[in-house]
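Undergrad: Now for the letters of each chain:
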Amino acid sequence: MENLINTLKEQIIDVLNLEEITAEEIDAAAPIFGDNGLGLDSIDALELIVLLEKNYGIRFSDPSEAKQVFVSIATMAEYISKNRTK
Amino acid sequence: MESSIVITGSGIISAIGCNKETVLQSLLNKQTGIGSMKHLESIHSHLPVGEVQFSNNEMKELLGIDQSKIISRNVLLGALATQEALLESKITDLDTKKVVFISGTTVGGMDITETYFSDMLQDDKYLPYIGSHDCGTSSTEIMQLCGISAQVCTISTACSSALNAMIVGAEMLKRGEADIVIAGGCESLSKFHFNGFNTLMILDSENCRPFDATRAGINLGEGAAYVVLERAQDAEDRNAIVHGYIAGYGNRCDAYHQTATSENGEGAYLAMLDALKTSGLSSQDIDYINAHGTGTGNNDQSESVALQRIFGSKVPKLSSTKGFTGHTTSASGSIETVICLLAMKHNFIPANLGWNTPIPDGVVPSIGEEAQLENVICNSFGFGGNCSSLILSKNKPAAKAVGEKRKWQVAAEVEITQDSDLSRVKEYVSAMEARRMGKLLKAATIASQDALKIAGIEKPDAIVTATALGMMETSEKFLNSMIVDGESSLSPTLFMQSTHNTIGSSIAIRNKCYGYNITYTQGDESLEWAMRDAIRLIENGQAESVLVGCYDESAPIFGGLLKRLNGKEPANVYSKCLILTAAN
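If you read the protein sequences in the order shown, they are chains Z and Y.
The numbering used here puts the first residue of the first sequence at 1, with every later residue one more than the last.
The numbering used here puts the first residue of the second sequence at 1, with every later residue one more than the last.
The hints are simulated quantities; they were obtained by calculation from the structure and are not laboratory data.
In this text, all values refer to a predicted model and were calculated from it rather than measured experimentally.
Hints should not be assumed to be uniformly reliable.
Covered stretches of chain Y (chain Z as the covering partner; in silico rule of three or more C-beta atoms under 8 Å from a C-beta of chain Z) [unchecked claim]:
1. 206–213
2. 430–438
3. 481–490
Yeah, the Cβ is synthetic: ideal placement off N, Cα and C, and Gly gets one too.
With the rest of the complex left out, here is chain Z (with noise of 0.2 Å):
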């Protein structure tokens, strides 16, 4: 898991173009929207879902869907190793 968490980590800063933030910076269990964490927002929130799409086979219907695991980085890893098909 721990492994995980740095890849989606890497992975995040990536495409999100997060250029000052390093991944040991980023709490895993910090809240990803809002002020109090990483501050991402709805964009991201659909390029987060395009990620777990390409790189872990795992696609979502609906945004409010999404919304329930993209809490934080601990709470995406976990679902991503539960559900990955890739």
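Put chain Y on the given structure of chain Z with help from the hints.
TA: Below, chain Y alone, put in the same frame as chain Z:
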């Protein structure tokens, strides 16, 4: 100069019919045009669309064009609708008049570009097709196909483009800058924007249900519609039949988000308010509203709030006709205007197809009924918060006094053309914002914020944008990844930033500018058209300050193609901002 503007001709082509007569029959019979894909080729063929029934070859035949000629579907649609409009207007002496063609589109010649993209990269034979990629050229080609010599101008404010084209046309007539205006818009389905909307996850896999509690998004449609506009006196002098008056209009910006509308519908509210004010009508005078009503959760909620803010508990009869035509994006404003004209003439309210269950606290649309319509509102809202509203009237609106032309001056001028300047964007935006900005948005942000600072203006009353090729870098990345990697896993951010009005609306969002906001795209003439509009706004007293900007960039693939075609590549990045203010 005469202030009343009349419509003396109109033409339409859409999924529910290829002229006014067939569109009328479909509306009266409540017959939708939305169904399975016939012409568009996509792996997402489970998503329904509102396609025009004609193939490109059938349209070429109708227009008398050689079948072997490669012409954008967008241009073919535009030419057919323009011809119908002109025929009805019965104008015989176009060549002796000052004719201006104002067309709204965002897709331009994209269908040709995406079809021949790989070929163009390899073979010079296909290169000329990149020359008809841009929106401005597609408008010019419509006039060429119709054999009309006119000044041509293209508006690209995403889904409000066609409505804004009619607004600009009316303003030009009022000031004598034109004698005849042909205004409207066209948009053919392209793989590019179909996939783009799909990345935003707002396409419904069933028929759309605007204003319904179970609505789940848009069905994209295609089509074109144009109206012939004249000053009332001119139309009277030549005994023309008047089909309606352009009684009022408003163009505003929601200044909230690139692809979402604000919860309180500020931009839509302000646009409708301006339309009512300029028409001299009261809210009770409105008999029908053709709502933007796309069927997305966000738009219909937000538009409901805006309507309730204007009309309180007495919201007039309303419907969205997107259940018939699909969302025809840049063409929707004129397509729905022509639908309103048909409704006014034939005394009915078009049905809001697909509606069954009301949204809690939302507006309740009509399922179709007979009604006498004197004054109607047509709403058209676009990405970037470009919200516009038009009022059509059966009767001549009260004459308005026209004030003295005011003087204008340039209060600031800034140019950003060097890559090395772009890091300065951090003076104005956070790292989180800058991460999404390509070089053009950075250059535009620096130039506009610098110019506002020099002029000592916190927020301009209006933002007028010019761009020949728009957001080339993001468009190219999206297109290339669609062609090379296929139609899955495409980036929503790239699509969201591919429309021409991305630049003007991002400046509006940054500065919270809810005022007039428009984007012109007409090749090298883009800035000239933008300046004309800005000067009009100041001279007419509609704005105290206007931010005018001209922005263009090059990108590796498109730049290379244009260099092979024209011998020179567009500048890497170019951004010029002027602040115009009223002078004493």
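Undergrad: For every hint, state whether the structure bears it out.
TA: These are the hints, each one checked on the structure:
1. As drawn, the region 206–213 of chain Y meets chain Z at 0 residues by the rule of a beta-carbon pair under 8 Å; below three, the given contact is violated.
2. Three residues within the 8 Å Cβ limit are the bar, and the region 430–438 of chain Y against chain Z gives 4, so the coverage statement holds.
3. Under the rule that three or more residues need a Cβ within less than 8 Å of chain Z, the assignment of the region 481–490 of chain Y holds, with 3 such residues.
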